[in-house]
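Colleague: Could you slot chain B onto chain A? The hints should help.
Chains A and B, in that order, are what the protein sequence lines are.
With the first letter of the first sequence counted as 1, position 52 gets the number 52 in the working numbering; the numbers rise by one all the way through.
Counting from 1 along the second sequence, just add 196 to a position and that's the residue number in the working numbering.
Rather than coming from a laboratory, the hints here were simulated on the basis of the structure.
Backbone N, C-alpha and C fix where the C-beta goes; we use that ideal spot for every residue, glycine too.
Possibly wrong hints are sitting among the right ones.
As the list claims (entries may be wrong) - Which bits of chain B does chain A cover? Going by a derived footprint, with three or more residues having C-beta under 8 Å, they are: (1) 261-268; (2) 381-390; (3) 469-480; (4) 622-631; (5) 661-667.
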Amino acid sequence: MITGLVLLGIVLALVAFVVGIYNKLVTYSNRYKNAFAQIEVQLKRRHDLIPNLVETAKGYMAHERETLDAVISARNQASAGLERAAGDPTNADAVKGLGNAEGALSGAVGRLFAVMEAYPDLKANQNMMQLSEELTSTENKVSFARQAFNDAVTAYNIYRQSFPTVALAGMFGHPSDATLLEFDSEAIAEAPKVSF
Amino acid sequence: MATNFFENQDRARKKTGLLVFFFGAAVIAILATLYAFAVFVVGFQGQDPSTGAMRWNLDWWSPELLSQVVLFTLLIVGGGSLYKIAQLRGGGSAVAEGLGGRLLHANTVDPNERKLLNVVEEMAIASGTATPPVYLLDGEAGINAFAAGFTPNDAAIGVTRGCAEGLTRDELQGVIAHEFSHILSGDMRLNLRLIGVIHGILIIGILGYWLLRSAAWSGAGHRRGGRDNSGAVLLAVGFGLMVIGFLGTFFGNLIKASVSRQREFFADASAVQFTRNPDGIAGALKKIGGLAAGSRIEHPSAPEASHMFFGRALPSLFSTHPPLEERIRRLDPSFDQQLAESAAEPAAAGAVSGFAAGSLGAAVDQIGEATPAHVDQAARLISSLPAAITEAAHETWGARAVIYALLFASEQSVRRNQFDWLERYADDGVLEESERLFPMVSRLTATQRLTLIDLVIPALRELSLPQYHAFKDNVGALIAADRKIDVFEWTLQRILLQHLAPAFEPVRPSRVRFRSLERVAPACAVVLSTLAWAGARTRTAAETAFAHGAHELELSDLRLLEPEQSGLDDLDGALVVLDGLAPLRKRDLLHACAVAVGADHEIADREAELVRATADSLGCPMPPLLAGQSLV
Numbered sequence: 001m002i003t004g005l006v007l008l009g010i011v012l013a014l015v016a017f018v019v020g021i022y023n024k025l026v027t028y029s030n031r032y033k034n035a036f037a038q039i040e041v042q043l044k045r046r047h048d049l050i051p052n053l054v055e056t057a058k059g060y061m062a063h064e065r066e067t068l069d070a071v072i073s074a075r076n077q078a079s080a081g082l083e084r085a086a087g088d089p090t091n092a093d094a095v096k097g098l099g100n101a102e103g104a105l106s107g108a109v110g111r112l113f114a115v116m117e118a119y120p121d122l123k124a125n126q127n128m129m130q131l132s133e134e135l136t137s138t139e140n141k142v143s144f145a146r147q148a149f150n151d152a153v154t155a156y157n158i159y160r161q162s163f164p165t166v167a168l169a170g171m172f173g174h175p176s177d178a179t180l181l182e183f184d185s186e187a188i189a190e191a192p193k194v195s196f
Numbered sequence: 197m198a199t200n201f202f203e204n205q206d207r208a209r210k211k212t213g214l215l216v217f218f219f220g221a222a223v224i225a226i227l228a229t230l231y232a233f234a235v236f237v238v239g240f241q242g243q244d245p246s247t248g249a250m251r252w253n254l255d256w257w258s259p260e261l262l263s264q265v266v267l268f269t270l271l272i273v274g275g276g277s278l279y280k281i282a283q284l285r286g287g288g289s290a291v292a293e294g295l296g297g298r299l300l301h302a303n304t305v306d307p308n309e310r311k312l313l314n315v316v317e318e319m320a321i322a323s324g325t326a327t328p329p330v331y332l333l334d335g336e337a338g339i340n341a342f343a344a345g346f347t348p349n350d351a352a353i354g355v356t357r358g359c360a361e362g363l364t365r366d367e368l369q370g371v372i373a374h375e376f377s378h379i380l381s382g383d384m385r386l387n388l389r390l391i392g393v394i395h396g397i398l399i400i401g402i403l404g405y406w407l408l409r410s411a412a413w414s415g416a417g418h419r420r421g422g423r424d425n426s427g428a429v430l431l432a433v434g435f436g437l438m439v440i441g442f443l444g445t446f447f448g449n450l451i452k453a454s455v456s457r458q459r460e461f462f463a464d465a466s467a468v469q470f471t472r473n474p475d476g477i478a479g480a481l482k483k484i485g486g487l488a489a490g491s492r493i494e495h496p497s498a499p500e501a502s503h504m505f506f507g508r509a510l511p512s513l514f515s516t517h518p519p520l521e522e523r524i525r526r527l528d529p530s531f532d533q534q535l536a537e538s539a540a541e542p543a544a545a546g547a548v549s550g551f552a553a554g555s556l557g558a559a560v561d562q563i564g565e566a567t568p569a570h571v572d573q574a575a576r577l578i579s580s581l582p583a584a585i586t587e588a589a590h591e592t593w594g595a596r597a598v599i600y601a602l603l604f605a606s607e608q609s610v611r612r613n614q615f616d617w618l619e620r621y622a623d624d625g626v627l628e629e630s631e632r633l634f635p636m637v638s639r640l641t642a643t644q645r646l647t648l649i650d651l652v653i654p655a656l657r658e659l660s661l662p663q664y665h666a667f668k669d670n671v672g673a674l675i676a677a678d679r680k681i682d683v684f685e686w687t688l689q690r691i692l693l694q695h696l697a698p699a700f701e702p703v704r705p706s707r708v709r710f711r712s713l714e715r716v717a718p719a720c721a722v723v724l725s726t727l728a729w730a731g732a733r734t735r736t737a738a739e740t741a742f743a744h745g746a747h748e749l750e751l752s753d754l755r756l757l758e759p760e761q762s763g764l765d766d767l768d769g770a771l772v773v774l775d776g777l778a779p780l781r782k783r784d785l786l787h788a789c790a791v792a793v794g795a796d797h798e799i800a801d802r803e804a805e806l807v808r809a810t811a812d813s814l815g816c817p818m819p820p821l822l823a824g825q826s827l828v
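Chain A with its partners taken away, still in its complex shape (with noise of 0.2 Å):
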């Protein structure tokens, strides 16, 4: 009866470390979750604040008609990969457009800043100064909030792929690690610099 004893009790306390195992899982992946969120609500207002550019752009540029499209189409884009990732954070192909596309976005505005140089009266139009820098502030925000995502995604892939926890925790619904969210190097090169 004694070692009955004895051996519930490690059962007991194996089973206490395994839903501890568990719990821990779960906490890290809603902090990263939660973390995606802050990225979505800069992203956004990011995607917002680019047709008002555009717009105004278009009064001073008629000739650069390309470069104005090629920044919309990346925005629409951008923002349709901002929709399917935010969906599901998990999802690695998604998180990788979005990455994909907003990197493409940025390069697509660095292009039209490089191309404003040539027109000094848009340079000095009130609302678009207002504007770029309203735009530089929240690419910062963003950079600031992808560092929180992925600093809480690398916890999360650090603690899965630890053992024991990498032997139970695709038997626990988190079969691989989150992705990063990278946005590719071309565009970083090219993130809008805005110089008035």
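Modeller: Here is chain B on its own, set in the frame of chain A:
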């Protein structure tokens, strides 16, 4: 006064005693039943092959069996409770997430979420606590809410979707005020312990259920084996444990009901007192009554947390909440003339105390409660802040800039050092944002600054761990830039860490270690001396202030310490010790602080800041001084 923070805290602690008693009774009842059951299981000798009758060999007194049963029970109940309590160490946020809550971001644009956050913010400022994180239970259509946590510092508020969408602002304010009453009265801590204890009791039934299932499995495999008793015994044991588990559930509900019901009335009355609007909370209760989903909570974890909720989360024999009609009747005189008096009384008392508050001493009396005047003032205070500042304070990125801007020195040379530091170590754009905010921030009054600190906490809680450490380092560096720590800097750091640390670092909830002030006399001397020197221009003035405070404490041989012995780092050490005081003694101490500060009939900003930070460090949320509140 209907509400008294310290007496409530004390009473909540006594209730803990009651809780331990019930828990003990439940364990003993479970033990006795288990033992009787074990005697039967062991005494069963099988069936008589010829007659088919059961053969028993019952031995009613077997010390060996008894000790085994005791060991078994303690192992399971104790293990279950301890495990759950350990899990709840995460505080209010852990509970809210466990119930399926989604954290609301301070910069949300959804109008219902915005309204909810604004109401919470006003109530927090009015009662002098930092704004708690708010979780939305998206899956719940019923109208319900809860507050969870060990202290006001790690508290979280959870609200169902039905509550956020279905209630008017007034009704929502009533519900939130009800929850703040739980936060401020120390009920929450008891509630969390209760979850742990009940989990331990319920676990026996869960174990029985498992055994029953595994017995059914193995039984199926053994059927061909003929006379094998082990399957049958397992089945019987599983069934027995399940029955005993029902006993556990019974006791669990009894405990929850005994601790919870009375406090719901109390919290309702406090809600009226905070808002001076019985219609708000009564309206919310009426809406619960009229809604098909009522206040039901669907989440599977609801049974162990049902006592924390605003309305009844689950139907049960011993209800955790008083009947809806009776709660409404107590709030709404027109519902029943007979009971009108009891509801009108706390409301009137609240109104009186709100306006009669005449000194910092009165502010100490108001610790843990908010009067309607405070709620009005909180709304005014928040709206008096420039929109650019509140907007920044509501998002993680800008919130850091707000804090940095608060810490910028007025001397240009020091500020240049601070800018250099941020340039190097802070994220892109933060320095520019801080510089942009600085002119606005530097014009704020002391009260507005303290309000602002309370406002930024929820946004800062959403930093990632590496970001939090970077932020903490930067705050430290900005404070150290002029090689000295002034009172505002100390207060800011103190309040920030007090409220942020629970979200990022393991923090032990404080426990009562000292029941008398004599035992912590040296620490008291440090606190009073710091306050005395802070407000005094001359040595005599400091001595007078100190003597007033010491007299209030009734500690005769307390001596004023030299300024070198009562600096802010000495105060840090003293506050750690004093946090272990019993609630009623904390009140005495804060009273003495108020008297010492008021001895010279004027209260400087830094004195108010020191008292606020001291109260905050002791876990006693102190409402801001009312506008026009004469200082002594």
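Colleague: The structure should be examined with respect to each hint, and the outcome stated for every one.
Modeller: For each hint, the structure was consulted:
Here's how the stretch 261-268 of chain B fares: 3 of its residues keep a CB closer than 8 Å to some CB of chain A, so the rule of at least three is met and the hint holds. Beta-carbon proximity to chain A at under 8 Å applies to 0 residues in the stretch 381-390 of chain B; the threshold of 3 is not reached and the given coverage is violated. With 0 residues having a beta carbon nearer than 8 Å to a beta carbon of chain A, the stretch 469-480 of chain B misses the requirement of three or more and the stated coverage is violated. Under the rule that three or more residues need a Cβ within less than 8 Å of chain A, the assignment of the stretch 622-631 of chain B holds, with 5 such residues.
Requiring three or more residues with a Cβ within less than 8 Å of a Cβ of chain A, the coverage given for the stretch 661-667 of chain B holds, as 3 such residues are present.
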